[in-house]
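Spelled out, the chains give:
Protein chains: 2
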Amino acid sequence: MLPKSWRWLKDYAAASERLVIGLISGTSADGVDAALVKVVGDKPKRVETLAFTTLPYPAEIRKTVLEVSHDGDIETLCWLNFALGELFAEAALKVIEVANIDRKRVQLVGSHGQTVRHLPPNRNSFAIHSVSRVGTLQIASPAVIAMRTGIPVVSDFRAKDMAAGGQGAPLVPLVDWLLLRHPNKTRIALNIGGIANLTVLPAKAKVSDVLAFDTGPGNMLIDGAIRHFSGGVLNYDRDGEWARQGRVDKNLLHWLMSHPFLLQPPPKSTGREMFGEAFLREVIKRANSLGLTQNDTVATLTAFTAEIIADAIKRFVLPKFGQVDELIVSGGGANNPTLMAMLCERLPKVKIRRSDELGINADAKEAIAFAVLAHRTVMGLAGNVPSATGAKMPVILGSITLPR
Amino acid sequence: MLPKSWRWLKDYAAASERLVIGLISGTSADGVDAALVKVVGDKPKRVETLAFTTLPYPAEIRKTVLEVSHDGDIETLCWLNFALGELFAEAALKVIEVANIDRKRVQLVGSHGQTVRHLPPNRNSFAIHSVSRVGTLQIASPAVIAMRTGIPVVSDFRAKDMAAGGQGAPLVPLVDWLLLRHPNKTRIALNIGGIANLTVLPAKAKVSDVLAFDTGPGNMLIDGAIRHFSGGVLNYDRDGEWARQGRVDKNLLHWLMSHPFLLQPPPKSTGREMFGEAFLREVIKRANSLGLTQNDTVATLTAFTAEIIADAIKRFVLPKFGQVDELIVSGGGANNPTLMAMLCERLPKVKIRRSDELGINADAKEAIAFAVLAHRTVMGLAGNVPSATGAKMPVILGSITLPR
Numbered sequence: 024m025l026p027k028s029w030r031w032l033k034d035y036a037a038a039s040e041r042l043v044i045g046l047i048s049g050t051s052a053d054g055v056d057a058a059l060v061k062v063v064g065d066k067p068k069r070v071e072t073l074a075f076t077t078l079p080y081p082a083e084i085r086k087t088v089l090e091v092s093h094d095g096d097i098e099t100l101c102w103l104n105f106a107l108g109e110l111f112a113e114a115a116l117k118v119i120e121v122a123n124i125d126r127k128r129v130q131l132v133g134s135h136g137q138t139v140r141h142l143p144p145n146r147n148s149f150a151i152h153s154v155s156r157v158g159t160l161q162i163a164s165p166a167v168i169a170m171r172t173g174i175p176v177v178s179d180f181r182a183k184d185m186a187a188g189g190q191g192a193p194l195v196p197l198v199d200w201l202l203l204r205h206p207n208k209t210r211i212a213l214n215i216g217g218i219a220n221l222t223v224l225p226a227k228a229k230v231s232d233v234l235a236f237d238t239g240p241g242n243m244l245i246d247g248a249i250r251h252f253s254g255g256v257l258n259y260d261r262d263g264e265w266a267r268q269g270r271v272d273k274n275l276l277h278w279l280m281s282h283p284f285l286l287q288p289p290p291k292s293t294g295r296e297m298f299g300e301a302f303l304r305e306v307i308k309r310a311n312s313l314g315l316t317q318n319d320t321v322a323t324l325t326a327f328t329a330e331i332i333a334d335a336i337k338r339f340v341l342p343k344f345g346q347v348d349e350l351i352v353s354g355g356g357a358n359n360p361t362l363m364a365m366l367c368e369r370l371p372k373v374k375i376r377r378s379d380e381l382g383i384n385a386d387a388k389e390a391i392a393f394a395v396l397a398h399r400t401v402m403g404l405a406g407n408v409p410s411a412t413g414a415k416m417p418v419i420l421g422s423i424t425l426p427r
Numbered sequence: 024m025l026p027k028s029w030r031w032l033k034d035y036a037a038a039s040e041r042l043v044i045g046l047i048s049g050t051s052a053d054g055v056d057a058a059l060v061k062v063v064g065d066k067p068k069r070v071e072t073l074a075f076t077t078l079p080y081p082a083e084i085r086k087t088v089l090e091v092s093h094d095g096d097i098e099t100l101c102w103l104n105f106a107l108g109e110l111f112a113e114a115a116l117k118v119i120e121v122a123n124i125d126r127k128r129v130q131l132v133g134s135h136g137q138t139v140r141h142l143p144p145n146r147n148s149f150a151i152h153s154v155s156r157v158g159t160l161q162i163a164s165p166a167v168i169a170m171r172t173g174i175p176v177v178s179d180f181r182a183k184d185m186a187a188g189g190q191g192a193p194l195v196p197l198v199d200w201l202l203l204r205h206p207n208k209t210r211i212a213l214n215i216g217g218i219a220n221l222t223v224l225p226a227k228a229k230v231s232d233v234l235a236f237d238t239g240p241g242n243m244l245i246d247g248a249i250r251h252f253s254g255g256v257l258n259y260d261r262d263g264e265w266a267r268q269g270r271v272d273k274n275l276l277h278w279l280m281s282h283p284f285l286l287q288p289p290p291k292s293t294g295r296e297m298f299g300e301a302f303l304r305e306v307i308k309r310a311n312s313l314g315l316t317q318n319d320t321v322a323t324l325t326a327f328t329a330e331i332i333a334d335a336i337k338r339f340v341l342p343k344f345g346q347v348d349e350l351i352v353s354g355g356g357a358n359n360p361t362l363m364a365m366l367c368e369r370l371p372k373v374k375i376r377r378s379d380e381l382g383i384n385a386d387a388k389e390a391i392a393f394a395v396l397a398h399r400t401v402m403g404l405a406g407n408v409p410s411a412t413g414a415k416m417p418v419i420l421g422s423i424t425l426p427r
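First to last, the sequence lines map onto chains W and B. Residue numbers for the first sequence follow this note's numbering, beginning at 24 and rising by one. Residue numbers for the second sequence follow this note's numbering, beginning at 24 and rising by one.
Here chain W stands alone, though its shape is the one from the complex:
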């Protein structure tokens, strides 16, 4: 007989639908996104988002998260792991409240945590003293989340894929495949968060047909520039207003487009290590020496995000898949009309839709994805797509922490 504390696994597997919470804070480190979803079917067949909320990080915490993401000391990381655990738990309790349901009905939490370092194999394939410098670090203690919510938690999703030789990213492709593939349309699911990534879903795709990769920075550089120019008062280019009032500078864009990451063939992943503060400082230095206004700089960075997405599609997707019918956009970038217009311009033959039109809240998509991936772990199903991450095999992602 199964020990009492593990019987929920059996109940979970036997249910036809389950309530699951997905939690994530992205590379922009604004706060914790929490989605409460109903997961229908075992694989699952579909999900319904019952509630979505964001718990903004307190300013001091956000500052500390950004610090440990590009520098910072290990002692700070140690307590921040617990402090973020508290905030992730608070976000989970908040989304339960928003949904107005009984906490006991929620069966599982999937917590991506906050990435503070991601060292995938390809950019670190050199070995020093026969140790390869590969690893990934997402914080927000699952022990704290499980204790505070009273709900089992799946966490540390990226490590297992990397232990299997993968990049540990992107992990959303499996969820894209489950929820967005189409019997006779070739679709691309595009998420524009701090980093932008896309998942190519050919018509009638099997998992092994899926191609997915990070295209490069999404909102990361735009947000960083806005924060810099506003002296930290603004965090992002609301409605793309700054970019709309600027002029795209061909010289700066040309230099940006020469970044070697863009030519690297997929699977590939990137993060704050490559396109973080140091890179932004270099961009702003060049923009200044070219005499660009602040708006011009933001406009050019916005064009850069659009251009690398379009370029990646033309370079890596169209030659292999022939045509793309629809681009399903989610993430904060979907709320930037200037960025969306620049993307349309560059991909005139592709129908661009927000994921909301297909029942997936564009702002909630990544949180929803980690609810689905946690579900997969409990169902004993693999969560990675080897063709997307480069892993040697499909693996069951994450670790499970009991509530008490």
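There's no promise every hint is true.
For identical chains, the list gives no copy identity; a pair is met inside one copy or between any two copies.
Taking lysine to aspartate or glutamate and the DMTMM-like style, the derived pairs with C-alpha atoms no more than 25 Å apart in a straight line are [claimed, not checked]: (1) Lys208 - Glu349; (2) Lys61 - Asp348; (3) Lys415 - Glu113; (4) Lys273 - Asp386; (5) Lys68 - Asp232; (6) Lys415 - Glu109.
Just so you know, these hints were derived from the structure itself, not from any lab. These figures come from a predicted structure and were not determined experimentally.
On the provided structure of chain W, position chain B as indicated by the hints.
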């Protein structure tokens, strides 16, 4: 029905005995201790150690572990987590080989990992910007261990106890209680690793009767001094030879005994943060100004370890429990005859025995303990002793990672 990947939980619970591996690298960071034990009964009733081995850290890794333990950067921590995962997996495979059994017969791994930071609540009870700076960080990625061994792994044992308000240490007391309590003798289980800790087991003790705490440095300062004096050639005082040839200096010992940690009432825990490199440098500075020889300094530090253990017993144990019949010693310090003799001198009425006499390999004890604690997690049983850690309640420790 339980998903296929989780059926082992049911088989595990139904078995009358299971083969479990315990893995730990202590604060001295010499290498990975691996014990392969047969766990008999559900609570369990007893354990038999089938094999024990230590996989020494390569010099470069050990240096890096010590670096990140008192300073170090987060990027190094990130890849070291994976690199240690590989070494912990190697240690697990090595102990299987030593035992000469089929790998498939091993049902579970309990990995303590390598502590690099431990910030328990009491020494950090101040809050900055309403964030309490509490946390703990054990590394050696369980995803890597699980993938390489093909065995489910329980890890991150300390976090849950701390999430329940505890110190996250000591965790061995529950295992002491399970395996060493006696119907009519009051026993103390003493482990002298980098840090020394003791568990008081009154005759016929219930779990709630158990008192346990860190007494302070065990071998940490002795090892550090030997390493310093030998220019890094030696790592510990083999057979207590250095100490035996020195003279204990009363002045230095008196100053050492004035450390405020010693007066702090239990439950209490400590680590490299308090008695690490910085403290050792201060000790050596004082020893020099007092004109002590190297042997005198090592002798005095050895006496310090013995004195704080005896002092803690007299101050916190005897007044509460009346008498102590036996002191069951384990850990590297049990192999130091000078230290053992100093302890005997200071506790003339207590019978001092090595844990080996009671069937528990003194060198393997902590590794055995984490095999037992992993077993408890899978059986859905609590692993902490609230009276030892200060936690608000008993909790199921750790997180489970599946092999694929």
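Outcome of the hint check:
Within a single copy, Lys208 and Glu349 get their C-alpha atoms as close as 7 Å, which meets the 25 Å cut-off; across copies the closest is 76 Å, which misses it. Proximity of Lys61 to Asp348 under the C-alpha cut-off of 25 Å is found in neither arrangement, the shortest distances being 29 Å within a copy and 59 Å between copies. Taking CA atoms no more than 25 Å apart as the test, Lys415 paired with Glu113 passes between copies only; the shortest distance there is 20 Å, against 37 Å inside one copy. For the identical chains of this complex, Lys273 and Asp386 are neighbours neither inside a copy (31 Å) nor across copies (68 Å), given an alpha-carbon limit of 25 Å.
In this assembly of identical chains, the alpha carbons of Lys68 and Asp232 lie at most 25 Å apart only when taken from the same copy (19 Å versus 52 Å across copies). With identical chains, the CA atoms of Lys415 and Glu109 are at most 25 Å apart between copies only, with a shortest distance of 17 Å across copies and 35 Å within one.
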